[in-house]
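Just so we're aligned, residue 1 is where the sequence shown starts under full-length UniProt numbering, counting upward by one.
It is worth saying that the hints were derived from the structure and are not from the lab.
Among these hints, one or two may not hold up.
Here are the in silico distance ranges between beta carbons for each label pair [unchecked claim]:
{"hint": "1", "residue 1": "Glu80", "residue 2": "Gly114", "range": "42 to 48 Å"}
{"hint": "2", "residue 1": "Asn190", "residue 2": "Lys213", "range": "24 to 30 Å"}
{"hint": "3", "residue 1": "Thr174", "residue 2": "Ser106", "range": "32 to 38 Å"}
{"hint": "4", "residue 1": "Tyr58", "residue 2": "Asp148", "range": "51 to 57 Å"}
{"hint": "5", "residue 1": "Gln162", "residue 2": "Thr44", "range": "57 to 63 Å"}
{"hint": "6", "residue 1": "Ile207", "residue 2": "Phe169", "range": "42 to 48 Å"}
{"hint": "7", "residue 1": "Ile207", "residue 2": "Ile165", "range": "42 to 48 Å"}
{"hint": "8", "residue 1": "Leu93", "residue 2": "Thr174", "range": "22 to 28 Å"}
{"hint": "9", "residue 1": "Asn46", "residue 2": "Asn175", "range": "51 to 57 Å"}
Calculated pairs, DSSO-like style, for lysine-lysine (alpha carbon to alpha carbon, straight line, at most 27 Å) [claimed, not checked]:
{"hint": "10", "residue 1": "Lys213", "residue 2": "Lys83"}
{"hint": "11", "residue 1": "Lys37", "residue 2": "Lys98"}
{"hint": "12", "residue 1": "Lys196", "residue 2": "Lys212"}
{"hint": "13", "residue 1": "Lys62", "residue 2": "Lys213"}
{"hint": "14", "residue 1": "Lys151", "residue 2": "Lys213"}
{"hint": "15", "residue 1": "Lys55", "residue 2": "Lys212"}
{"hint": "16", "residue 1": "Lys216", "residue 2": "Lys98"}
{"hint": "17", "residue 1": "Lys98", "residue 2": "Lys151"}
{"hint": "18", "residue 1": "Lys87", "residue 2": "Lys213"}
{"hint": "19", "residue 1": "Lys151", "residue 2": "Lys20"}
{"hint": "20", "residue 1": "Lys98", "residue 2": "Lys55"}
{"hint": "21", "residue 1": "Lys62", "residue 2": "Lys83"}
Keep in mind that this is a model prediction, so the values were computed, not measured.
No residue lacks a Cβ here, since even glycine has one placed at the ideal position from N, Cα and C.
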Amino acid sequence: MKKAINYTNGITYFLTRSQKSYSSWTDDIQDAISDLKLSDNFYTSNDFDLNEKAKRIYLLSKGIIPTIIETKALAYILFENEKSWPKLYYPNLMVTKKSIAISINSCVLSIWKGEKDFNTWLSKQTSRSLNATLPQNLFNNHHISLRDITKIYLGLLDRRRQEDIYLGFQVSDTNLVTYSDNFISQIPENAPIIYKLMPVLRASLEINRGIKKEQKLIIFQQLISVLQNKC
Numbered sequence: 001m002k003k004a005i006n007y008t009n010g011i012t013y014f015l016t017r018s019q020k021s022y023s024s025w026t027d028d029i030q031d032a033i034s035d036l037k038l039s040d041n042f043y044t045s046n047d048f049d050l051n052e053k054a055k056r057i058y059l060l061s062k063g064i065i066p067t068i069i070e071t072k073a074l075a076y077i078l079f080e081n082e083k084s085w086p087k088l089y090y091p092n093l094m095v096t097k098k099s100i101a102i103s104i105n106s107c108v109l110s111i112w113k114g115e116k117d118f119n120t121w122l123s124k125q126t127s128r129s130l131n132a133t134l135p136q137n138l139f140n141n142h143h144i145s146l147r148d149i150t151k152i153y154l155g156l157l158d159r160r161r162q163e164d165i166y167l168g169f170q171v172s173d174t175n176l177v178t179y180s181d182n183f184i185s186q187i188p189e190n191a192p193i194i195y196k197l198m199p200v201l202r203a204s205l206e207i208n209r210g211i212k213k214e215q216k217l218i219i220f221q222q223l224i225s226v227l228q229n230k231c
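With these hints in hand, go ahead and build the complete structure from the sequences.
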């Protein structure tokens, strides 16, 4: 059965796009571990059978965070250099754009679950109040929550939506979740914002953490700049 391509990050993309079986990937990782002379007690161990190892690759393809050894091995396999591991998460413009969309959508949906509470909050906001509560540097502000910054993003996005309605565009029946999806999907893969984000996101990664709050804050910061016309 053909695997559905998972664009959560570059690792999920490569594993689900590949024609190789998960069992074949375990062999490749084992060879890479040997070439890199890494200490491993799973892929090179006889205590685990091939099915157990293949199941681990399957979990990686679903988005589970890889170990440091797995990360280095995959970077060695795909880029011939274990030090290129940040490219595993954001390997090219296409995957970066799709990964950004998935990250944003997960945050938006978490807010939209409390639609009534969010709409109550939104009704009290103005463009000035939304901008006033926005830190100048989201990445260095460790106290701001993803929930709060997502609400600010949606608040600014709603202002844009209202402008579209005023101009006669057919968005009056579109909720903010759908509107956000459309907003992101209309950004070309080769847009300057994607070119700018890809190296910044790579540089912000930590090898044992995967895509976390820091990367999402960086993405929101750029998107909010666009909505504020400050790019």
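Checklist entry - Is the straight-line distance between the alpha-carbon of Lys196 and that of Lys212 27 Å or less? => result holds, 19 Å
### Message
Taking the Cβ atom of Gln162 and the Cβ atom of Thr44, is their distance within the range 57 to 63 Å?
### Response
holds, 59 Å
request  = Hint says 42 to 48 Å; check whether the CB-CB distance for Ile207 and Ile165 agrees.
outcome  = holds, 46 Å
Restraint check for Lys55 with Lys212, where alpha carbons must lie at most 27 Å apart: holds, 24 Å
If I claimed the Cβ atoms of Leu93 and Thr174 lie 22 to 28 Å apart, would that claim hold in this structure? At 27 Å between Cβs, range holds.
Per the hint of 42 to 48 Å, is the separation of the Cβ atoms of Ile207 and Phe169 within bounds? holds, 44 Å
Note to self: For the hint 42 to 48 Å, verify it against the beta carbon of Glu80 and that of Gly114.
What the structure shows: At roughly 47 Å between Cβ atoms, Gly114 and Glu80 fall inside 42 to 48 Å, so the hint holds.
* Asked: Has the hinted range 51 to 57 Å been met by the Cβ atoms of Tyr58 and Asp148?
  -> violated, 35 Å
Would the hint linking Lys62 and Lys213 be met if the CA-CA limit is 27 Å?
holds, 19 Å
- Restraint status (C-alpha distance of Lys151 to Lys20 at most 27 Å): violated, 41 Å
Q. Do the alpha carbons of Lys151 and Lys213 lie within 27 Å of each other, as the hint requires?
A. holds, 15 Å
Could you check the hint for me, namely that Asn190 and Lys213 are 24 to 30 Å apart, CB to CB? holds, 27 Å
Of the numbered hints given earlier, the model fails hints 3, 4, 11 and 19; all others are met.
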